[in-house]
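A.B. asks: Each chain, letter by letter, is given below.
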Amino acid sequence: MNAPSAAQTAAPLVSLRGIYRSFEKDRREIPVLQDINLDVYSDEIICLVGESGCGKTTTGKIAAGLLSPSRGELRFEGRLASEYRTRSERMALRRSLQIVHQDPFASLNPTHTIGQILSFPLRRHRMVENRAGLRRRVWELLTLVDLTPPGDIVNKYPHQLSGGQRQRVSIARALTVNPRLIVADEAVSMVDVSIRIGLLKMLHELRQRFHLSIVFITHDLALAKYFAWEGRIAVMYLGRIVEIGPTPAVIGHPAHPYTKALLAAVPEADPDITRRKKQMPLRSEDIPSLTAIPAGCSFHPRCPFFQPGVCDHTVPALLPAPQTGQLVACTPLAQSGTLKPYA
Amino acid sequence: MTLNTPQKPVVLSIQDLSISYLAERGRVRAVTKASFDLHQGETVALIGESGCGKSTLVLGLMRQLPKNASIDSGSLLYTRRDGSRLNIRDLSKAGMRRFLWSECSMVFQGALNALNPVIRISGMIYDTAEAHGLGRREAKERALNLFSKVRLDPNRVFNAYPHELSGGMRQRVLLAMSLLLQPQVVIMDEPTTAVDILTQRSIIEVLKRLRDEFHFSIIFISHDLAVAAEIADTIATMYAGEIVEKGPVDEVFYRPRHAYTLGLLEAAPRLSAGAETLESIPGSPPDLIEPPAGCKFHARCRFMTDPCTITAPPLEYTDENHTAACYHRDQVLATRRKVLS
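So the protein sequences, as listed, match chains B and E. The first sequence begins at 12 in the numbering used here and counts up one residue at a time. The second sequence begins at 1384 in the numbering used here and counts up one residue at a time.
To be clear, the hints were calculated from the coordinates, so they are not data collected in a lab. All figures in this text were calculated on a predicted structure; none of them were measured in a lab. Take the hints with a grain of salt, since some may be wrong.
Here are some chain E residues the structure puts well away from chain B; computed CB gaps all over 12 Å [unchecked claim]:
#1 Val1411
#2 Ser1433
#3 Ile1454
#4 Asn1499
#5 Arg1519
#6 Leu1593
#7 Glu1662
#8 Pro1674
#9 Arg1683
#10 Glu1703
Here are the computed lysine-lysine pairs in the PhoX-like style, where the Cα-Cα straight-line distance is at most 20 Å [what the hints assert, rightly or not]:
#11 E:Lys1391 - E:Lys1416
#12 B:Lys351 - B:Lys271
#13 B:Lys288 - E:Lys1591
#14 B:Lys289 - E:Lys1591
#15 E:Lys1591 - E:Lys1532
#16 B:Lys271 - B:Lys289
Every residue, glycine too, gets a C-beta built ideally from N, C-alpha and C.
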């Protein structure tokens, strides 16, 4: 499914099928993800975007194998994750799926040097033969992420590095085990605007060089557009994917009313354009609670194109949008090809 | 959207403000000789990376600096509605307390931490009103009115504890509270940073409406160029404690004259731009304990020449209302023109 952007003929690298995930809070089940279907192909960039609580991080963690779904299946190279049974198989799966967290202050052990931080996974997963090999590999990894000269960095502690440098260490650590997929969860949100682009460019280069797939999670649509221009964007709302497709289509010709509202709401770093931007007023500003998700399309209480009896009745399936072809979950759009304002 | 308003009277004039922190290694020169005028009804956005001094500058302005910081020089001239003038630096402690909220208020970043969790919103309103000699009934009336203006359910919010409100609602409560005593100047420190897209939009819209109705001036601190582009009349770029460029928003975005501003603009992705070529600014900001000679940006600057490393370029007019401290302003402008055409 999900018409992949590049020429992806092979089977997906990672595949999420019918994923549900709920958490328990105060003895109540909170459904965080509902029926997520997502294929990540080799060499591909997929951006998950949406507001807080939409489930993008949970989806990322499931794709990285860090969290198990309540229901549904995760496949890696066509094989169910649960079928990786022997210790060496599980270790191999673990190595293939890596994650880079948002906060490089919290994700690096403050009492270990950068050298130790990178050595640990290399030894644990027997990626190197001996001490000389270990040293060589640590040097090589630091060079890969442009922390040069490595000799200046290797004995430093995380607090001696800037936020951007720390995030480079996090990326180097993910690379220690030669992964196939990196989930980057808001990986550049905490670094300054002026150095963000450098980090993203580096991720791009690493992806091409090592044929990595990247699941990039962000709340920043402009950044998603920039990073995933040649990949795909999936827009999430209250635990479901509401629109997914090639980035230029989703950003240039959004089909789902929620995507349209998000895109209209983002200010632009261009005074003329941002002043002329037409807003799309919603019927309600409140995001429904995950404990009381509206029936049918969960966006219907806010949607300016709400059709009573239709939208509040059935959960819309992801179907190709008329003309532009990305997948979109909107019943009126699927039925008539257009949206009529709610009277 | 108001245009730049040079003809309007100046409310606040910051002149040669320098602030430093005492650290173990020495004095950190966080703000160096910053000067700018804030006009009535004008919104000035201070932009720059973390550590550039923008937060220190406004904390100095409100005399809320931590104990290890001091204002080393400069004056902060404020003009009251009746035309009388004062230097904020000369205010006594009691004078400062009266000054805050009624003349100049602040909306802090992170609405969760700015509201007392064990006091109802009404309690905070009454506390503020009492400290400034405003009656309870009047305070409540004003608060309810302001809450409805920021699109909150007035009675519910008035009696709520902060934890009962969402992040966007809390931010709007702070906005409303900042206007309770009808200040002339409101300082906002990244008011839309930690919120979601649609929440950010509603805060921006509410802010614009309040500004149109009450005509207060805003000093807006942001690292988000897009928000600055939307709400600012004037942009001031700060780098390493100095204001390196200042001008009307369109001037600064379309015709920047400082290499650092250019770098920031080239690093900002735009949704409408299709496939984009963006560039990072190489390197990192200088040490402010021993700042480099000359232009503090020279080590990261692609236009750097010998003079840049020796003498700091003065902040000079390049056009009416537009100032920049850069020896290579023509090259900066030409580079931006090439990108935009």
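A.B. asks: For every hint, state whether the structure bears it out.
C.D. replies: Consistency of the hints with the structure:
1. Val1411: 16 Å, holds
2. Ser1433: 6 Å, violated
3. Ile1454: 26 Å, holds
4. Asn1499: 24 Å, holds
5. Arg1519: 30 Å, holds
6. Leu1593: 17 Å, holds
7. Glu1662: Per Cβ check, Glu1662 of chain E is inside 12 Å of chain B; nearest 6 Å; violated.
8. Pro1674: 18 Å, holds
9. Arg1683: Nearest chain B Cβ is 9 Å from Arg1683 of chain E, so the label is violated.
10. Glu1703: Non-interface label on Glu1703 of chain E holds, nearest chain B Cβ at 18 Å vs cutoff 12 Å.
11. E:Lys1391 - E:Lys1416: With a Cα-Cα distance of about 24 Å, the restraint between Lys1391 of chain E and Lys1416 of chain E is violated, given a limit of 20 Å.
12. B:Lys351 - B:Lys271: 14 Å, holds
13. B:Lys288 - E:Lys1591: OK: Lys288 of chain B and Lys1591 of chain E at ~15 Å, within 20 Å.
14. B:Lys289 - E:Lys1591: Cα-Cα ~15 Å, so holds.
15. E:Lys1591 - E:Lys1532: With a Cα-Cα distance of about 11 Å, the restraint between Lys1591 of chain E and Lys1532 of chain E holds, given a limit of 20 Å.
16. B:Lys271 - B:Lys289: 11 Å, holds
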